[in-house]
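Undergrad: Build the full structure now, drawing on both the sequences and the hints.
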Amino acid sequence: MARLTGPEVEAAISALYDRYSRTVYGVGLKILGDRPSAEELVQDVFLKVWRSAGTFDSSRSSFSTWLYRVTRSCALDLYRKRASRIPQVSDGEPHIAIARDSSAGPQEVVDESWLSWRVSRALEVLDAPHREVIELAYFGGLSQREISERTGMPLGTVKTRTTRAFKSLRTELTIQDSSREPIR
Amino acid sequence: MKCAKIHPNLPAFVLGGLESQEDAEVRRHLASCSDCRRELEELRKVNRALEAAPPPANPPSHLKDEILSQVRAEQRYLSTEDESSVAEERASSTIARSKNLRIILSSAAAAAVVAFVAIGVLLGFQREEPPVATIQLVPTPQEAAGLEGYWGVAEIRPQPSGNQQVELKLNNFEQPKPNSYYELWFVSGESRISAGSFTSVGKGETRVMLNAPPETRNYHTLLITEEHVDERPAPGDEAALKGVVP
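Chains A and B supply the protein sequences, listed in that same order.
Take 1 as the starting number for the first sequence in our numbering and just add one per residue.
Take 185 as the starting number for the second sequence in our numbering and just add one per residue.
Because the hints were derived from the structure by calculation, they are not lab data.
Derived contacts from chain B toward chain A, CB cut-off under 7 Å, selection only:
| no. | residue |
| --- | --- |
| 1 | Ala196 |
| 2 | Leu227 |
| 3 | Leu234 |
| 4 | Ala237 |
| 5 | Pro239 |
| 6 | Pro240 |
| 7 | Asn242 |
| 8 | Pro243 |
| 9 | Leu247 |
| 10 | Lys248 |
| 11 | Leu252 |
All of these numbers come straight from a predicted model, not from anything done at the bench.
Cβ atoms here follow ideal geometry from the backbone N, Cα and C, with glycine treated the same way.
TA: Here's what the structure looks like:
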């Protein structure tokens, strides 16, 4: 297989970033609890992908699982690095206000991230219209009728998309679960 | 109330998104329907999993530029190293990274059913992988008029041999005329490569599995034409469906 040129490497990193940065960022917010740390995590993870791509073995794990391991490792490093800092409070945006149990150690907190990762990936592979109804319902707390009014979609369409989105999420999570390998 | 009616409301019920009257109807139905109660438990599992979902948020746009800038800087540094043993070691490390980036992209692309045409890694990975590209086939303008529920999807999977396996899923694709058949083409500009011929069952779904040679990787448009038996082997003009590889 030919060696990638400089622009191809950039294109590769760019494409991977487009695909996975929301998941890495979201999991970062969940684990680390504030946006600057989550941003630092995204940066660390994708630079590590570039620097450590040689350690990825496609015969041993999926790319997503490998990237999760990279993310977890970077998150643990960041968690330890800023352990002495006082956790920042929410900046007012409701979806950033993540409650964390301060009694849990970094390992415990980061270990919980595997489910977050899987759910995030399951949401990301939904197409945009189906993801939208789930995000508005679950994260926005809107009823089906309110989603209909907010988006202009007929109520029946909202219900149909919710049903299909749930079905897809169930399938995706089942697939991920059955293909899961031990995360060490 | 029948299950056929109540089932569509169960996900919304689990999410707490029904109006009070609908919510009450679902509860009444659940009290007497064990099938729906079982379904409800499954849906609740999904709902519980959603509790672990990270908030839907995008990282700030400048982050990507910063990361790519850093990658560029590291690439420049690596490429200007001397021919010393250290430099050789770094260079081989760069090659390993580059190779693996290509593999990573193939894997990632397969996982998300998206093709990275721009960097030439569209195809050629593992046989168990999901399709590398899923292409919507839409009627050509002359075929679209008066047709209902007429559409198709093509899923392209790389094969170890280098060939591309194409699975066509066509809906309500009418049968070809007598003494005719359909042919799938990969098109690039004026060039075409045939991926094989087939017929259709008409109403309902027609599934067809075809194979195309490796050369079709660089042909980014799919075309289905109707061909007539005993005529010239060149492609006909009666295009019926068309799709563009993303």
